[in-house]
Amino acid sequence: MEIEAKLHALGLALPEPMRVSGMKLPFAPVRVRGNRAFISGAGPLNADGTLAEPLGKVGADLTLEQGYAAARLTGLVILGSLKRELGDLDRVTAWLRVFGMVNVAPGFTQTPSVINGFSDLILELYGTERGTHARSAVGLAELPLRIPVEIEAEVEITG
Amino acid sequence: MEIEAKLHALGLALPEPMRVSGMKLPFAPVRVRGNRAFISGAGPLNADGTLAEPLGKVGADLTLEQGYAAARLTGLVILGSLKRELGDLDRVTAWLRVFGMVNVAPGFTQTPSVINGFSDLILELYGTERGTHARSAVGLAELPLRIPVEIEAEVEITG
Amino acid sequence: MEIEAKLHALGLALPEPMRVSGMKLPFAPVRVRGNRAFISGAGPLNADGTLAEPLGKVGADLTLEQGYAAARLTGLVILGSLKRELGDLDRVTAWLRVFGMVNVAPGFTQTPSVINGFSDLILELYGTERGTHARSAVGLAELPLRIPVEIEAEVEITG
Numbered sequence: 147m148e149i150e151a152k153l154h155a156l157g158l159a160l161p162e163p164m165r166v167s168g169m170k171l172p173f174a175p176v177r178v179r180g181n182r183a184f185i186s187g188a189g190p191l192n193a194d195g196t197l198a199e200p201l202g203k204v205g206a207d208l209t210l211e212q213g214y215a216a217a218r219l220t221g222l223v224i225l226g227s228l229k230r231e232l233g234d235l236d237r238v239t240a241w242l243r244v245f246g247m248v249n250v251a252p253g254f255t256q257t258p259s260v261i262n263g264f265s266d267l268i269l270e271l272y273g274t275e276r277g278t279h280a281r282s283a284v285g286l287a288e289l290p291l292r293i294p295v296e297i298e299a300e301v302e303i304t305g
Numbered sequence: 147m148e149i150e151a152k153l154h155a156l157g158l159a160l161p162e163p164m165r166v167s168g169m170k171l172p173f174a175p176v177r178v179r180g181n182r183a184f185i186s187g188a189g190p191l192n193a194d195g196t197l198a199e200p201l202g203k204v205g206a207d208l209t210l211e212q213g214y215a216a217a218r219l220t221g222l223v224i225l226g227s228l229k230r231e232l233g234d235l236d237r238v239t240a241w242l243r244v245f246g247m248v249n250v251a252p253g254f255t256q257t258p259s260v261i262n263g264f265s266d267l268i269l270e271l272y273g274t275e276r277g278t279h280a281r282s283a284v285g286l287a288e289l290p291l292r293i294p295v296e297i298e299a300e301v302e303i304t305g
Numbered sequence: 147m148e149i150e151a152k153l154h155a156l157g158l159a160l161p162e163p164m165r166v167s168g169m170k171l172p173f174a175p176v177r178v179r180g181n182r183a184f185i186s187g188a189g190p191l192n193a194d195g196t197l198a199e200p201l202g203k204v205g206a207d208l209t210l211e212q213g214y215a216a217a218r219l220t221g222l223v224i225l226g227s228l229k230r231e232l233g234d235l236d237r238v239t240a241w242l243r244v245f246g247m248v249n250v251a252p253g254f255t256q257t258p259s260v261i262n263g264f265s266d267l268i269l270e271l272y273g274t275e276r277g278t279h280a281r282s283a284v285g286l287a288e289l290p291l292r293i294p295v296e297i298e299a300e301v302e303i304t305g
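Chains as they are written, first to last, in the working numbering: chain E, 147 to 305; chain R, 147 to 305; chain V, 147 to 305.
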């Protein structure tokens with residue numbers, strides 16, 4: 147429970163599963179197969195699983211700093227999904243691939259600085275060796291439900 | 147041939163390979179390595195391999211319902227590619243990752259409801275255990291040839 | 147050193163690591179785990195690691211041909227990262243997945259012809275068997291630092 151102890155020490159809590167009414171979502175938040183876990187695209191949520199505001203486009207509805215905070219919150223959402231699927235976050239032995247998508251206003255190109263909110267959290271919790279990941283951080287035309295950030299990932303786990 | 151029997155029972159046929167003239171496509175529809183199969187981004191096709199209309203942007207040129215139908219058709223295209231590569235669709239032992247891209251008109255954010263056309267088909271054919279997948283469903287600025295939907299995926303296969 | 151000999155014969159050199167000031171990039175260009183190497187999204191660079199011009203959107207700031215050249219240059223950037231990580235480019239035993247993102251002007255849909263600049267280079271160097279890959283080539287709303295092309299990939303390597 148090393149990772150959860152760290153979360154606790156940082157004063158961070160994992161949110162409840164996403165609670166969005168009237169929307170069919172026929173897929174798994176995390177798909178595990180052998181030592182591989184594929185993580186579905188996730189966005190920022192409040193502690194109770196409702197969508198975290200502000201919604202909209204970074205560079206218009208959100209500042210860069212608000213985008214960074216949304217990406218960090220998305221990290222907690224993904225850790226919450228991993229915790230529910232794996233039981234213990236220490237079972238993640240390596241972060242592999244992170245695909246960071248930013249809901250951009252036209253002309254907003256500082257997408258890496260937004261997704262840093264996610265990467266910084268993962269490195270803070272897992273350290274350099276386990277936490278290092280390959281990454282893209284790019285600007286999307288639209289994201290579901292007007293979330294400002296969506297992140298999908300792949301991690302290696304132990305049985 | 148369980149999956150093909152199901153397709154037959156549902157009255158669904160797998161389309162021919164994509165037939166687009168004057169376009170060099172130096173990549174494989176499916177790349178197999180060991181028990182992993184990577185599926186290239188595919189869009190909706192008619193039975194003869196030509197592009198399925200309507201083309202364009204969901205939320206402007208296509209309704210949500212037409213987008214759903216395009217995503218379901220894209221599922222048949224991908225199954226056609228897998229059938230040609232693997233010989234038998236029963237060799238797919240687990241759907242792992244689905245990345246759904248919707249060609250969006252500005253402001254169209256119901257991308258998950260579009261990509262459900264794909265996920266619903268896969269779950270219908272493969273059932274929950276094999277068919278469940280991690281997924282993202284996002285809005286792209288432009289897609290090749292103005293296709294309304296493009297989906298790439300990774301599946302696990304048996305030798 | 148077969149691949150490097152081919153690069154030399156073609157008169158191609160691998161650029162230095164990306165040199166961008168004032169930007170925190172908390173991730174690895176290549177993440178290796180077992181026989182898998184995940185390659186972070188990369189864009190075109192000059193030999194000294196600075197951003198290669200022209201920057202901007204294909205279909206407005208760049209022609210299709212300039213986009214193709216940018217994608218080919220991105221291939222050299224990725225090979226440079228793999229060389230630094232693996233020591234020898236011959237250790238890449240199979241290209242698996244290529245995700246090609248084009249910074250598009252509205253209405254530019256010839257994204258596959260742009261990303262061909264990357265695929266053609268890889269096939270030229272690695273041949274059909276090792277070089278064949280699954281691929282998507284799509285249009286993004288914005289890319290970091292206004293780069294015209296960004297490509298991420300996964301390859302199989304030998305120990």
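Source of the hints: derived by calculation from the structure; they are not laboratory data.
It cannot be assumed that every hint is accurate.
A pair holds if it fits inside one copy or across any two, identical chains being indistinguishable in the list.
Capping the alpha-carbon separation at 25 Å, the derived lysine to any residue pairs in SDA-like fashion look like this [said to hold, decoys possible]:
1. K170 / T274
2. K229 / E275
3. K229 / T278
4. K152 / E162
All values reported here derive from a predicted model rather than from experimental measurement.
Alpha-carbon proximity between K229 and E275, which holds within one copy, between copies, both or neither at 25 Å: both (20 Å within a copy, 20 Å between copies)
Within, between, both or neither: K152, E162 at alpha-carbon 25 Å: within (19 Å within a copy, 37 Å between copies)
Status of T274 relative to K170 across identical chains (alpha carbons, at most 25 Å): Between copies only: 15 Å across chains, 37 Å inside a chain, cut-off 25 Å.
Copy assignment of K229 with T278, given that the CA separation must stay at most 25 Å: Both: 19 Å inside a chain and 19 Å across chains, each within 25 Å.
Hint compliance for this structure: every hint is met.
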